[in-house]
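Read in order, the letters of the sequence shown correspond to residues 1 to 429 in our numbering.
Keep in mind the hints are simulated off the structure, nothing from the lab. All clues stand as given, with none of them false.
Derived DEER-like restraints, expressed as beta-carbon distance ranges:
| id | residue 1 | residue 2 | range |
| --- | --- | --- | --- |
| 1 | L128 | T251 | 37 to 45 Å |
| 2 | E134 | R164 | 15 to 23 Å |
| 3 | E282 | E134 | 33 to 41 Å |
| 4 | L128 | E174 | 20 to 28 Å |
| 5 | Q144 | K203 | 32 to 40 Å |
| 6 | N347 | I147 | 28 to 36 Å |
| 7 | N302 | G244 | 30 to 38 Å |
| 8 | F242 | A322 | 21 to 29 Å |
| 9 | S125 | N58 | 28 to 36 Å |
| 10 | E174 | L130 | 12 to 20 Å |
Straight-line C-alpha distance at most 27 Å; calculated DSS-like pairs for lysine-lysine:
| id | residue 1 | residue 2 |
| --- | --- | --- |
| 11 | K191 | K138 |
| 12 | K245 | K191 |
| 13 | K203 | K123 |
| 14 | K122 | K191 |
| 15 | K335 | K266 |
| 16 | K261 | K314 |
| 17 | K324 | K335 |
| 18 | K123 | K138 |
| 19 | K356 | K101 |
| 20 | K291 | K266 |
| 21 | K243 | K191 |
| 22 | K335 | K291 |
| 23 | K191 | K203 |
| 24 | K204 | K245 |
| 25 | K314 | K291 |
| 26 | K261 | K186 |
| 27 | K223 | K266 |
| 28 | K245 | K261 |
| 29 | K191 | K208 |
| 30 | K123 | K191 |
| 31 | K191 | K127 |
| 32 | K54 | K103 |
| 33 | K103 | K138 |
| 34 | K224 | K266 |
| 35 | K291 | K261 |
| 36 | K123 | K204 |
| 37 | K266 | K314 |
| 38 | K191 | K223 |
| 39 | K54 | K101 |
| 40 | K204 | K191 |
Note that CB positions come from ideal geometry on N, CA and C, so glycine has one too.
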Amino acid sequence: MKKGCLLFYVFMLYFCAANAQNHGIAISINTFNLDTILKYRDKDPFISLQYLHKAQSNAQNLPEHSTIAEILYHKGYIYRQLGLYDIALTNYLWSLSIADKAKDRCLDAWVLLDIANLYRDKKNSDKLALEYYENARKRFSDYQDLIGSIVTNFSEAELHMNNRSYNTAIHLLEIANSTSSMLGEKNQKAKVLMLLGQVYLQKKEPSKANAYFGELMRLGSDKKSSEMMASAYKGYASIAIFKGKINEGITFFFAALECYKRINDKTNIVFTLDKIGQTYFENGNFSDASKHTEMALVAAENNNYIIQQRILLKKLSIYYAASKDFETANTKQNKYIALLENEAINNSALIQNEYKMEAQRKENAALNNWTKNQRMLISICIFSGLAFLMLLFVAVTKNKKLQESHINLLAKGTELQKKKNELIALNTQ
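Hey, can you work out the whole structure from these sequences and the hints?
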(Lines of atoms letter the chains of each structure in order from A; the text may use other names.)
(Lines give C-alpha, C1' and ligand atoms only; values in the text may rest on other atoms or scores of the structure.)
Protein backbone atom coordinates (compact mmCIF):
# COMPACT_ATOMS: atom_id res chain seq x y z
CA MET A 1 0.00 0.00 0.00
CA LYS A 2 2.81 2.43 0.85
CA LYS A 3 4.52 1.73 -2.47
CA GLY A 4 1.29 2.47 -4.36
CA CYS A 5 0.82 5.81 -2.56
CA LEU A 6 4.43 6.74 -3.20
CA LEU A 7 4.13 6.08 -6.93
CA PHE A 8 0.89 8.07 -7.15
CA TYR A 9 2.54 10.97 -5.31
CA VAL A 10 5.50 10.94 -7.75
CA PHE A 11 3.08 10.90 -10.68
CA MET A 12 1.19 13.95 -9.40
CA LEU A 13 4.43 15.87 -8.78
CA TYR A 14 5.53 15.18 -12.35
CA PHE A 15 2.40 16.65 -13.89
CA CYS A 16 2.16 19.58 -11.48
CA ALA A 17 5.76 20.55 -12.27
CA ALA A 18 5.06 20.42 -16.01
CA ASN A 19 1.96 22.57 -15.65
CA ALA A 20 3.75 25.05 -13.39
CA GLN A 21 6.53 25.42 -15.94
CA ASN A 22 4.05 26.12 -18.74
CA HIS A 23 2.17 28.58 -16.55
CA GLY A 24 5.40 30.42 -15.76
CA ILE A 25 6.28 30.73 -19.45
CA ALA A 26 2.72 31.84 -20.20
CA ILE A 27 3.04 34.70 -17.73
CA SER A 28 6.25 35.86 -19.39
CA ILE A 29 4.55 35.80 -22.82
CA ASN A 30 1.55 37.71 -21.51
CA THR A 31 3.85 40.60 -20.71
CA PHE A 32 4.74 41.26 -24.37
CA ASN A 33 4.47 45.01 -24.91
CA LEU A 34 1.31 45.53 -26.93
CA ASP A 35 1.50 49.33 -26.55
CA THR A 36 4.90 49.37 -28.28
CA ILE A 37 3.58 47.18 -31.08
CA LEU A 38 0.55 49.43 -31.62
CA LYS A 39 2.79 52.51 -31.51
CA TYR A 40 4.91 51.29 -34.42
CA ARG A 41 2.21 49.30 -36.26
CA ASP A 42 1.26 52.11 -38.66
CA LYS A 43 4.38 54.23 -38.15
CA ASP A 44 7.06 51.64 -38.92
CA PRO A 45 5.50 48.20 -39.39
CA PHE A 46 8.91 46.53 -39.66
CA ILE A 47 9.86 47.52 -36.11
CA SER A 48 6.48 46.35 -34.87
CA LEU A 49 6.99 43.01 -36.59
CA GLN A 50 10.37 42.61 -34.89
CA TYR A 51 8.65 42.82 -31.49
CA LEU A 52 5.94 40.40 -32.60
CA HIS A 53 8.43 37.89 -33.98
CA LYS A 54 10.38 38.01 -30.72
CA ALA A 55 7.19 37.43 -28.73
CA GLN A 56 6.22 34.56 -31.01
CA SER A 57 9.70 33.05 -30.78
CA ASN A 58 9.50 33.12 -26.98
CA ALA A 59 6.19 31.28 -27.22
CA GLN A 60 7.35 28.55 -29.61
CA ASN A 61 7.75 25.89 -26.92
CA LEU A 62 4.49 26.83 -25.24
CA PRO A 63 1.15 25.05 -25.71
CA GLU A 64 -0.97 27.19 -28.05
CA HIS A 65 -3.24 29.61 -26.19
CA SER A 66 -4.96 33.00 -26.60
CA THR A 67 -1.82 35.12 -26.15
CA ILE A 68 -0.12 33.42 -29.10
CA ALA A 69 -3.33 33.87 -31.10
CA GLU A 70 -3.25 37.60 -30.32
CA ILE A 71 0.38 37.87 -31.48
CA LEU A 72 -0.57 36.18 -34.76
CA TYR A 73 -3.58 38.46 -35.16
CA HIS A 74 -1.41 41.61 -34.95
CA LYS A 75 1.10 40.08 -37.37
CA GLY A 76 -1.73 39.41 -39.80
CA TYR A 77 -2.91 43.01 -39.51
CA ILE A 78 0.55 44.41 -40.32
CA TYR A 79 1.12 42.07 -43.25
CA ARG A 80 -2.31 43.09 -44.58
CA GLN A 81 -1.29 46.76 -44.39
CA LEU A 82 1.92 45.91 -46.26
CA GLY A 83 -0.08 44.14 -48.98
CA LEU A 84 1.47 40.73 -48.18
CA TYR A 85 -1.95 39.07 -48.19
CA ASP A 86 -0.89 35.42 -48.32
CA ILE A 87 1.35 35.73 -45.25
CA ALA A 88 -1.33 37.79 -43.51
CA LEU A 89 -3.94 35.12 -44.17
CA THR A 90 -1.63 32.37 -42.89
CA ASN A 91 -1.24 34.22 -39.58
CA TYR A 92 -4.96 35.02 -39.37
CA LEU A 93 -6.02 31.41 -39.94
CA TRP A 94 -3.49 30.11 -37.42
CA SER A 95 -4.71 32.70 -34.92
CA LEU A 96 -8.31 31.71 -35.61
CA SER A 97 -7.52 28.04 -35.04
CA ILE A 98 -5.92 28.75 -31.65
CA ALA A 99 -8.72 31.13 -30.62
CA ASP A 100 -11.29 28.45 -31.45
CA LYS A 101 -9.44 25.83 -29.40
CA ALA A 102 -9.04 28.26 -26.50
CA LYS A 103 -12.75 29.19 -26.78
CA ASP A 104 -11.72 32.86 -26.97
CA ARG A 105 -14.89 34.07 -28.68
CA CYS A 106 -13.92 37.74 -28.55
CA LEU A 107 -10.58 37.32 -30.36
CA ASP A 108 -12.20 34.81 -32.70
CA ALA A 109 -14.70 37.45 -33.89
CA TRP A 110 -12.06 40.17 -34.40
CA VAL A 111 -9.85 37.80 -36.43
CA LEU A 112 -12.83 36.95 -38.66
CA LEU A 113 -13.47 40.67 -39.15
CA ASP A 114 -9.88 41.36 -40.18
CA ILE A 115 -9.88 38.42 -42.59
CA ALA A 116 -12.94 40.06 -44.16
CA ASN A 117 -10.98 43.33 -44.39
CA LEU A 118 -8.14 41.46 -46.07
CA TYR A 119 -10.46 40.14 -48.77
CA ARG A 120 -11.99 43.63 -49.07
CA ASP A 121 -8.54 45.10 -49.75
CA LYS A 122 -7.61 42.29 -52.13
CA LYS A 123 -8.84 42.51 -55.72
CA ASN A 124 -11.72 40.29 -56.89
CA SER A 125 -12.37 38.83 -53.43
CA ASP A 126 -15.57 40.64 -52.45
CA LYS A 127 -17.63 37.45 -52.16
CA LEU A 128 -15.23 36.01 -49.57
CA ALA A 129 -15.11 39.36 -47.77
CA LEU A 130 -18.91 39.42 -47.43
CA GLU A 131 -18.93 35.84 -46.10
CA TYR A 132 -16.40 36.71 -43.40
CA TYR A 133 -18.22 39.93 -42.51
CA GLU A 134 -21.37 37.90 -41.95
CA ASN A 135 -19.50 35.34 -39.83
CA ALA A 136 -17.90 38.12 -37.77
CA ARG A 137 -21.25 39.84 -37.31
CA LYS A 138 -22.80 36.59 -36.05
CA ARG A 139 -19.94 36.00 -33.60
CA PHE A 140 -20.19 39.55 -32.25
CA SER A 141 -23.93 39.09 -31.89
CA ASP A 142 -23.46 35.81 -30.00
CA TYR A 143 -20.85 37.48 -27.83
CA GLN A 144 -23.12 40.53 -27.42
CA ASP A 145 -20.25 42.81 -28.48
CA LEU A 146 -22.03 45.83 -29.95
CA ILE A 147 -18.76 47.70 -30.59
CA GLY A 148 -17.64 44.81 -32.77
CA SER A 149 -20.97 44.94 -34.61
CA ILE A 150 -20.52 48.68 -35.26
CA VAL A 151 -16.99 48.18 -36.63
CA THR A 152 -18.16 45.28 -38.81
CA ASN A 153 -20.93 47.38 -40.37
CA PHE A 154 -18.51 50.27 -40.84
CA SER A 155 -15.90 48.07 -42.53
CA GLU A 156 -18.41 46.35 -44.79
CA ALA A 157 -19.88 49.75 -45.72
CA GLU A 158 -16.42 50.77 -47.02
CA LEU A 159 -16.49 47.76 -49.35
CA HIS A 160 -19.93 48.70 -50.70
CA MET A 161 -18.89 52.35 -51.06
CA ASN A 162 -15.84 51.30 -53.10
CA ASN A 163 -18.17 49.27 -55.33
CA ARG A 164 -20.58 52.23 -55.60
CA SER A 165 -23.32 50.27 -53.82
CA TYR A 166 -24.17 53.44 -51.94
CA ASN A 167 -27.61 52.49 -50.62
CA THR A 168 -26.28 49.28 -49.03
CA ALA A 169 -23.39 51.21 -47.49
CA ILE A 170 -25.78 53.84 -46.12
CA HIS A 171 -28.06 51.15 -44.64
CA LEU A 172 -25.16 49.55 -42.76
CA LEU A 173 -23.85 52.91 -41.57
CA GLU A 174 -27.27 54.01 -40.31
CA ILE A 175 -27.46 50.84 -38.20
CA ALA A 176 -23.95 51.55 -36.88
CA ASN A 177 -24.93 55.17 -36.20
CA SER A 178 -28.03 54.14 -34.27
CA THR A 179 -26.11 51.55 -32.23
CA SER A 180 -23.30 53.97 -31.36
CA SER A 181 -25.87 56.58 -30.25
CA MET A 182 -27.60 54.00 -28.06
CA LEU A 183 -24.28 53.04 -26.45
CA GLY A 184 -23.08 56.62 -26.13
CA GLU A 185 -19.96 55.64 -28.10
CA LYS A 186 -19.08 59.07 -29.48
CA ASN A 187 -15.74 58.04 -30.99
CA GLN A 188 -17.40 55.29 -33.02
CA LYS A 189 -20.25 57.63 -33.93
CA ALA A 190 -17.76 60.22 -35.21
CA LYS A 191 -16.19 57.68 -37.58
CA VAL A 192 -19.61 56.59 -38.83
CA LEU A 193 -20.74 60.18 -39.43
CA MET A 194 -17.57 60.93 -41.40
CA LEU A 195 -18.06 57.91 -43.65
CA LEU A 196 -21.77 58.68 -44.12
CA GLY A 197 -20.81 62.15 -45.33
CA GLN A 198 -18.24 60.68 -47.72
CA VAL A 199 -20.76 58.18 -49.13
CA TYR A 200 -23.33 60.91 -49.82
CA LEU A 201 -20.64 63.08 -51.41
CA GLN A 202 -19.65 60.21 -53.71
CA LYS A 203 -23.35 59.80 -54.43
CA LYS A 204 -23.26 63.47 -55.51
CA GLU A 205 -25.58 64.64 -52.75
CA PRO A 206 -23.45 67.35 -51.09
CA SER A 207 -26.32 68.79 -49.02
CA LYS A 208 -26.85 65.45 -47.21
CA ALA A 209 -23.09 65.05 -46.85
CA ASN A 210 -22.92 68.53 -45.34
CA ALA A 211 -25.61 67.57 -42.80
CA TYR A 212 -23.53 64.65 -41.51
CA PHE A 213 -20.33 66.67 -41.43
CA GLY A 214 -22.26 69.36 -39.51
CA GLU A 215 -23.43 66.76 -36.98
CA LEU A 216 -19.83 65.61 -36.64
CA MET A 217 -18.69 69.20 -36.03
CA ARG A 218 -21.34 69.67 -33.31
CA LEU A 219 -20.28 66.40 -31.69
CA GLY A 220 -16.65 67.51 -31.75
CA SER A 221 -17.51 70.92 -30.28
CA ASP A 222 -19.62 69.37 -27.50
CA LYS A 223 -16.89 66.92 -26.62
CA LYS A 224 -14.16 69.50 -27.22
CA SER A 225 -12.47 66.98 -29.50
CA SER A 226 -9.96 68.52 -31.90
CA GLU A 227 -9.74 65.19 -33.73
CA MET A 228 -13.50 65.12 -34.47
CA MET A 229 -13.50 68.78 -35.48
CA ALA A 230 -10.55 68.14 -37.81
CA SER A 231 -12.49 65.31 -39.47
CA ALA A 232 -15.46 67.62 -39.95
CA TYR A 233 -13.23 70.31 -41.48
CA LYS A 234 -11.84 67.74 -43.93
CA GLY A 235 -15.42 66.84 -44.83
CA TYR A 236 -16.27 70.49 -45.46
CA ALA A 237 -13.11 70.75 -47.58
CA SER A 238 -14.23 67.82 -49.72
CA ILE A 239 -17.64 69.44 -50.31
CA ALA A 240 -16.04 72.78 -51.25
CA ILE A 241 -13.67 71.10 -53.73
CA PHE A 242 -16.61 69.07 -55.14
CA LYS A 243 -18.36 72.37 -55.82
CA GLY A 244 -15.21 73.79 -57.45
CA LYS A 245 -14.41 76.15 -54.56
CA ILE A 246 -10.75 75.19 -54.34
CA ASN A 247 -9.50 78.03 -52.12
CA GLU A 248 -12.34 77.45 -49.66
CA GLY A 249 -11.51 73.74 -49.60
CA ILE A 250 -7.84 74.43 -48.88
CA THR A 251 -8.85 76.84 -46.10
CA PHE A 252 -10.81 74.03 -44.46
CA PHE A 253 -7.81 71.69 -44.81
CA PHE A 254 -5.66 74.25 -42.99
CA ALA A 255 -8.29 74.47 -40.24
CA ALA A 256 -8.06 70.67 -39.88
CA LEU A 257 -4.27 70.92 -39.80
CA GLU A 258 -4.42 73.40 -36.89
CA CYS A 259 -6.67 70.98 -34.97
CA TYR A 260 -4.16 68.17 -35.44
CA LYS A 261 -1.30 70.42 -34.36
CA ARG A 262 -3.16 71.28 -31.13
CA ILE A 263 -3.26 67.61 -30.13
CA ASN A 264 0.14 66.82 -31.72
CA ASP A 265 -1.38 64.13 -33.97
CA LYS A 266 1.78 63.57 -36.00
CA THR A 267 0.28 60.97 -38.33
CA ASN A 268 -2.65 63.15 -39.41
CA ILE A 269 -0.41 66.21 -39.72
CA VAL A 270 1.50 64.31 -42.41
CA PHE A 271 -1.68 63.11 -44.12
CA THR A 272 -3.29 66.58 -44.10
CA LEU A 273 -0.20 68.33 -45.50
CA ASP A 274 -0.11 65.64 -48.17
CA LYS A 275 -3.78 66.28 -48.98
CA ILE A 276 -3.17 70.04 -49.23
CA GLY A 277 -0.25 69.43 -51.61
CA GLN A 278 -2.33 67.03 -53.72
CA THR A 279 -5.20 69.54 -53.94
CA TYR A 280 -2.85 72.26 -55.15
CA PHE A 281 -1.35 69.91 -57.74
CA GLU A 282 -4.73 68.77 -59.09
CA ASN A 283 -5.57 72.42 -59.66
CA GLY A 284 -2.32 73.31 -61.43
CA ASN A 285 -0.50 75.05 -58.59
CA PHE A 286 2.69 72.96 -58.77
CA SER A 287 4.77 75.30 -56.60
CA ASP A 288 2.44 75.15 -53.57
CA ALA A 289 1.90 71.46 -54.21
CA SER A 290 5.65 70.79 -53.89
CA LYS A 291 5.99 73.14 -50.92
CA HIS A 292 3.34 71.45 -48.75
CA THR A 293 4.26 67.94 -49.80
CA GLU A 294 7.88 68.73 -48.83
CA MET A 295 6.56 69.79 -45.42
CA ALA A 296 4.70 66.48 -45.19
CA LEU A 297 7.90 64.62 -46.11
CA VAL A 298 9.92 66.41 -43.40
CA ALA A 299 7.26 65.52 -40.81
CA ALA A 300 7.28 61.89 -42.02
CA GLU A 301 11.09 61.74 -41.82
CA ASN A 302 11.14 63.30 -38.35
CA ASN A 303 8.72 60.63 -37.13
CA ASN A 304 10.26 57.79 -39.14
CA TYR A 305 7.08 57.06 -41.14
CA ILE A 306 8.83 54.83 -43.66
CA ILE A 307 5.90 53.89 -45.90
CA GLN A 308 4.56 57.44 -46.01
CA GLN A 309 8.02 58.73 -46.97
CA ARG A 310 8.00 56.46 -50.00
CA ILE A 311 4.54 57.66 -51.08
CA LEU A 312 5.49 61.33 -50.67
CA LEU A 313 8.75 60.98 -52.59
CA LYS A 314 6.88 59.44 -55.50
CA LYS A 315 4.41 62.34 -55.51
CA LEU A 316 7.18 64.93 -55.27
CA SER A 317 8.98 63.45 -58.27
CA ILE A 318 5.75 63.94 -60.24
CA TYR A 319 5.11 67.45 -58.90
CA TYR A 320 8.65 68.68 -59.69
CA ALA A 321 8.55 67.11 -63.14
CA ALA A 322 5.26 68.93 -63.80
CA SER A 323 6.91 72.24 -62.85
CA LYS A 324 9.86 71.45 -65.18
CA ASP A 325 12.34 71.04 -62.30
CA PHE A 326 13.65 67.76 -63.67
CA GLU A 327 16.84 67.69 -61.58
CA THR A 328 14.91 67.79 -58.29
CA ALA A 329 12.34 65.38 -59.73
CA ASN A 330 15.14 62.92 -60.53
CA THR A 331 16.60 63.27 -57.01
CA LYS A 332 13.21 62.50 -55.45
CA GLN A 333 12.72 59.60 -57.83
CA ASN A 334 16.09 58.07 -56.86
CA LYS A 335 15.25 58.39 -53.17
CA TYR A 336 11.87 56.80 -53.84
CA ILE A 337 13.53 53.89 -55.66
CA ALA A 338 16.03 53.44 -52.81
CA LEU A 339 13.20 53.22 -50.25
CA LEU A 340 11.27 50.88 -52.53
CA GLU A 341 14.30 48.58 -52.84
CA ASN A 342 14.86 48.68 -49.09
CA GLU A 343 11.22 47.79 -48.53
CA ALA A 344 11.54 44.89 -50.97
CA ILE A 345 14.58 43.64 -49.01
CA ASN A 346 12.65 43.97 -45.75
CA ASN A 347 9.68 42.15 -47.24
CA SER A 348 11.95 39.37 -48.50
CA ALA A 349 13.50 39.02 -45.04
CA LEU A 350 10.05 38.95 -43.47
CA ILE A 351 8.90 36.21 -45.84
CA GLN A 352 11.99 34.12 -45.11
CA ASN A 353 11.47 34.61 -41.40
CA GLU A 354 7.84 33.54 -41.75
CA TYR A 355 8.91 30.33 -43.50
CA LYS A 356 11.35 29.64 -40.67
CA MET A 357 8.67 30.34 -38.05
CA GLU A 358 6.24 28.05 -39.87
CA ALA A 359 8.84 25.28 -40.09
CA GLN A 360 9.60 25.73 -36.39
CA ARG A 361 5.90 25.65 -35.59
CA LYS A 362 5.42 22.34 -37.43
CA GLU A 363 8.49 20.90 -35.74
CA ASN A 364 7.24 22.00 -32.33
CA ALA A 365 3.76 20.67 -33.09
CA ALA A 366 5.25 17.28 -33.94
CA LEU A 367 7.43 17.40 -30.80
CA ASN A 368 4.45 18.41 -28.67
CA ASN A 369 2.42 15.54 -30.09
CA TRP A 370 5.29 13.14 -29.36
CA THR A 371 5.66 14.54 -25.83
CA LYS A 372 1.91 14.30 -25.34
CA ASN A 373 1.96 10.69 -26.47
CA GLN A 374 4.92 9.96 -24.21
CA ARG A 375 3.14 11.50 -21.25
CA MET A 376 0.05 9.50 -22.09
CA LEU A 377 2.14 6.33 -22.22
CA ILE A 378 3.81 7.18 -18.90
CA SER A 379 0.39 7.88 -17.38
CA ILE A 380 -0.95 4.55 -18.60
CA CYS A 381 2.12 2.72 -17.27
CA ILE A 382 1.92 4.44 -13.88
CA PHE A 383 -1.80 3.86 -13.49
CA SER A 384 -1.40 0.26 -14.70
CA GLY A 385 1.39 -0.22 -12.17
CA LEU A 386 -0.75 1.28 -9.42
CA ALA A 387 -3.68 -0.93 -10.38
CA PHE A 388 -1.44 -4.00 -10.41
CA LEU A 389 -0.01 -3.10 -6.99
CA MET A 390 -3.49 -2.57 -5.57
CA LEU A 391 -4.68 -5.91 -6.97
CA LEU A 392 -1.55 -7.60 -5.66
CA PHE A 393 -2.09 -6.04 -2.25
CA VAL A 394 -5.70 -7.26 -2.19
CA ALA A 395 -4.67 -10.73 -3.33
CA VAL A 396 -1.87 -10.98 -0.75
CA THR A 397 -4.13 -9.70 2.03
CA LYS A 398 -6.88 -12.13 1.08
CA ASN A 399 -4.44 -15.03 0.86
CA LYS A 400 -3.02 -14.15 4.25
CA LYS A 401 -6.51 -14.13 5.76
CA LEU A 402 -7.26 -17.50 4.14
CA GLN A 403 -4.06 -18.96 5.56
CA GLU A 404 -4.88 -17.62 9.01
CA SER A 405 -8.39 -19.05 8.73
CA HIS A 406 -6.99 -22.42 7.61
CA ILE A 407 -4.55 -22.51 10.54
CA ASN A 408 -7.37 -21.65 12.95
CA LEU A 409 -9.51 -24.41 11.50
CA LEU A 410 -6.63 -26.90 11.82
CA ALA A 411 -6.03 -25.80 15.39
CA LYS A 412 -9.71 -26.22 16.23
CA GLY A 413 -9.77 -29.60 14.46
CA THR A 414 -6.76 -30.75 16.46
CA GLU A 415 -8.38 -29.53 19.67
CA LEU A 416 -11.60 -31.33 18.83
CA GLN A 417 -9.71 -34.52 17.98
CA LYS A 418 -7.83 -34.27 21.26
CA LYS A 419 -11.07 -33.89 23.20
CA LYS A 420 -12.60 -36.75 21.23
CA ASN A 421 -9.64 -38.98 22.13
CA GLU A 422 -9.98 -37.96 25.77
CA LEU A 423 -13.68 -38.90 25.75
CA ILE A 424 -12.92 -42.28 24.19
CA ALA A 425 -10.27 -42.91 26.81
CA LEU A 426 -12.73 -42.11 29.62
CA ASN A 427 -15.40 -44.39 28.15
CA THR A 428 -13.02 -47.37 27.91
CA GLN A 429 -12.00 -47.17 31.53
